[in-house]
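Reminder that position 292 of the sequence shown reads as 292 in the working numbering, one-by-one numbering, no gaps.
Note that these hints are calculated values from the structure, not bench results.
Take these hints with a grain of salt, some might be off.
Estimated spans, in silico, between C-beta atoms of each pair [to be verified]:
{"hint": "1", "residue 1": "A207", "residue 2": "A14", "range": "23 to 31 angstroms"}
{"hint": "2", "residue 1": "D152", "residue 2": "A261", "range": "22 to 30 angstroms"}
{"hint": "3", "residue 1": "L13", "residue 2": "G80", "range": "36 to 44 angstroms"}
{"hint": "4", "residue 1": "L13", "residue 2": "A261", "range": "43 to 51 angstroms"}
{"hint": "5", "residue 1": "W99", "residue 2": "S143", "range": "19 to 27 angstroms"}
{"hint": "6", "residue 1": "P175", "residue 2": "S143", "range": "23 to 31 angstroms"}
{"hint": "7", "residue 1": "R181", "residue 2": "A93", "range": "18 to 26 angstroms"}
{"hint": "8", "residue 1": "G149", "residue 2": "L43", "range": "26 to 34 angstroms"}
{"hint": "9", "residue 1": "A45", "residue 2": "E95", "range": "18 to 26 angstroms"}
{"hint": "10", "residue 1": "A163", "residue 2": "E32", "range": "47 to 55 angstroms"}
{"hint": "11", "residue 1": "P169", "residue 2": "S143", "range": "16 to 24 angstroms"}
{"hint": "12", "residue 1": "S194", "residue 2": "P89", "range": "29 to 37 angstroms"}
{"hint": "13", "residue 1": "S194", "residue 2": "Q96", "range": "19 to 27 angstroms"}
{"hint": "14", "residue 1": "S143", "residue 2": "R17", "range": "37 to 45 angstroms"}
Each residue gets a CB set at the ideal place from its N, CA and C atoms; glycine is no exception.
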Amino acid sequence: MESDSEWAPAASLAVLRQRAEWLAGLRRFFHERGVIEVETPVLAAAGVTDPQVECLQESTTERWLQPSPEYAMKRLLAAGIGDCYQITPAFRAGEQGRWHNPEFTLLEWYRVGFSADAMMDEVEQLTACVLGAGQTARLTYQSSFIAAGLPDPLTASEARLAAAAAANPSARPVPAGLSRRDLLDWLFSQVVTSHLPERCFITHYPADQAVLARLDPTDPSVAERFELFVQGVEIANGFRELTDAVAQRDRFEADQAARRAAGQAVMAMDERLLAAMTAGLPDCAGVAMGLDRLFAIAAGVESLAGVLAFPWLRA
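All chains should be built: construct the whole structure from the sequences, respecting the hints.
Shown next as structure tokens:
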């Protein structure tokens, strides 16, 4: 039986009103810069191949609730829409906790002709609209590991990374059978994040974590990918976007192979995205930002539930 208070919003009305003000401010930010707001389907024919993301399926239509509007927005970019943004519900299966809700609010935007550095500048300006002004440090993925007393993530062997994970005093035990990439993810989340500055961009992720980002033409061992962390919490993920459809298909195939090897459902490629990239995706940079996390930190609440009217357990 539901408790008498389960009908009520989890967040206070004051926070919900502040949330509305923040959303209005973000829309003003983009309007002042000539970035247009777009809408794309929340329910679509293809999910994503990324082994790190599990999509929610709508069973009656064999369509997928989207974890990001990225693919559809890139189709708009290929059609010539230009600079665009979207504030939308997004969905991921199996993610619930202090900083996770299966349904969350995502801000995603794309800037034609922007470099990764220019995009980080804009992310810093935008987050200041919510958090207030502040310095945002920039560290490479490699230097963040070394600063935390860990092996070089670009050159260390899987055995050395496993030893570093096992020797760490983290309260969480290291799961068995982790791949090299999974070991890096574990070390980053369990060790590196606690050493980061208050606001920090992590840049130049390893090439095997490029996802949909270009490889750095001056050093193809790393990708033109960055993430924003605030108080050790990931807030945004940005790319200088890969525009080569052949290379993207190769990455999708590698994702499918990784999912198959891990016993995960093998997701079909989004052929419409690949067709759009073949037609011509412009040189651009893009960012996906978790607004619930940003708002929770700005509001000083303990979890996402403090800024959501009806989180998962009250939905």
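Results for each hint:
1. A207 x A14: 23 to 31 angstroms: At roughly 46 angstroms between Cβ atoms, A14 and A207 fall outside 23 to 31 angstroms, so the hint is violated.
2. D152 x A261: 22 to 30 angstroms: holds (26 angstroms)
3. L13 x G80: 36 to 44 angstroms: holds (43 angstroms)
4. L13 x A261: 43 to 51 angstroms: holds (49 angstroms)
5. W99 x S143: 19 to 27 angstroms: Since W99 and S143 have Cβ atoms about 25 angstroms apart, the given range 19 to 27 angstroms holds.
6. P175 x S143: 23 to 31 angstroms: holds (26 angstroms)
7. R181 x A93: 18 to 26 angstroms: The hinted range 18 to 26 angstroms holds for R181 and A93, with Cβ atoms some 20 angstroms apart.
8. G149 x L43: 26 to 34 angstroms: violated (45 angstroms)
9. A45 x E95: 18 to 26 angstroms: holds (23 angstroms)
10. A163 x E32: 47 to 55 angstroms: holds (51 angstroms)
11. P169 x S143: 16 to 24 angstroms: For P169 and S143 the Cβ distance comes to about 22 angstroms; the hint holds.
12. S194 x P89: 29 to 37 angstroms: Holds: the Cβ-Cβ distance is about 31 angstroms, inside 29 to 37 angstroms.
13. S194 x Q96: 19 to 27 angstroms: holds (23 angstroms)
14. S143 x R17: 37 to 45 angstroms: This hint holds: roughly 41 angstroms between Cβ atoms.
Violated hints for the displayed structure, listed by number in ascending order: 1, 8.
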